[in-house]
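Enquirer: Sequence:
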Amino acid sequence: MQHKSVNLWPNCKLPKLKITIIIPILNEAATIGQLLSHLVDSVKDKNNLQEIIVVDGGSIDTSRKVVAQTSKRYDVEIKWLSSKKGRAVQLNTGAKTAKGEILYFLHADSFPPQYFDQDIIQEVKKGNNAGCFRMKFDSNHIWLRFLGWLTQFESKRCRGGDQSQFITKKLFKEVDGYDESYIVYEDNDLVDRLFAINQFVIIPRYVITSARRYREVGVWRLQYHFLNIHMRRWMGASSEDLYRYYKEKVIS
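The numbering of the sequence shown is our numbering, which starts it at 12 and goes up by one.
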């Protein structure tokens with residue numbers, strides 16, 4: 012895809028760019044502390060991080076306690092926000108309070124590469140105002156390795172929220188953020204809209220994401236249902252239809 016680079020700060024000196032990381036969670040006590048530590052320990056420069064915002068959708072486990080304990084170990088600001096349940100709602104809630112010029116949306120079980128902050132800021136300085144990393148699963152299953160291999164290609168069909176998503180706050184507002192009518196597929200919907208305006212780049216480094224849902228449901232069974240969801244969306248299914256299918260087939 013040809014990327015349309017747009018300088019969001021024309022005729023002026025580029026400001027110091029800082030990143031706000033936004034993580035939507037629901038009962039992630041087992042992983043959120045490890046992720047927060049990984050994020051702080053993996054940055055090139057802590058000054059590149061404005062803050063980390065954990066947006067909770069109603070956890071009933073010890074997630075909040077883990078976040079509070081982890082935040083005490085670092086001098087990076089780590090915030091806890093409460094929100095209605097639903098990733099799109101949670102992501103938008105975090106974006107509304109974000110202070111950084113760049114928003115970085117990250118799943119609670121996805122771990123970005125070392126110096127991810129530098130990678131993102133360099134892309135934005137080049138005029139690439141939105142994009143993601145490539146992705147690998149923490150599994151050697153042949154199909155999951157194949158899915159990770161596909162993420163190198165510049166196609167919106169090879170994108171997903173597990174790859175993480177960066178976008179300037181200005182552009183995020185211009186495209187009206189995540190569509191909260193989507194309970195599932197919200198990340199793909201945003202990517203579709205960004206591709207439509209030629210504003211998306213894939214950074215050639217890898218996020219490592221958990222294959223836990225595939226292990227729980229079964230690789231082939233879950234992939235079949237994900238393909239079904241994509242096909243239904245391409246054929247015009249509503250957000251409600253997609254969620255109904257997901258709830259019945261995947262999380263029932």
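It is possible that some hints are incorrect.
To be verified - Okay, the calculated beta carbon distance ranges per label pair:
id, residue 1, residue 2, range
1, Trp245, Ile153, 37 to 45 angstroms
2, Arg226, Lys110, 19 to 27 angstroms
3, Arg224, Ser166, 35 to 43 angstroms
4, Ser166, Tyr256, 39 to 47 angstroms
Claimed, not checked - In silico lysine to any residue, SDA-like type, Cα no more than 20 angstroms apart, as pairs:
id, residue 1, residue 2
5, Lys57, Gln45
6, Lys76, Lys57
7, Lys107, Arg84
8, Lys258, Val100
These are computed hints drawn from the structure, not numbers from a lab. Virtual Cβ for every residue (Gly too), placed ideally from N, Cα, C.
Enquirer: Against the structure, test the hints numbered earlier, and report the numbers of the ones violated in rising order.
Expert: 1, 2, 3, 4, 6, 7
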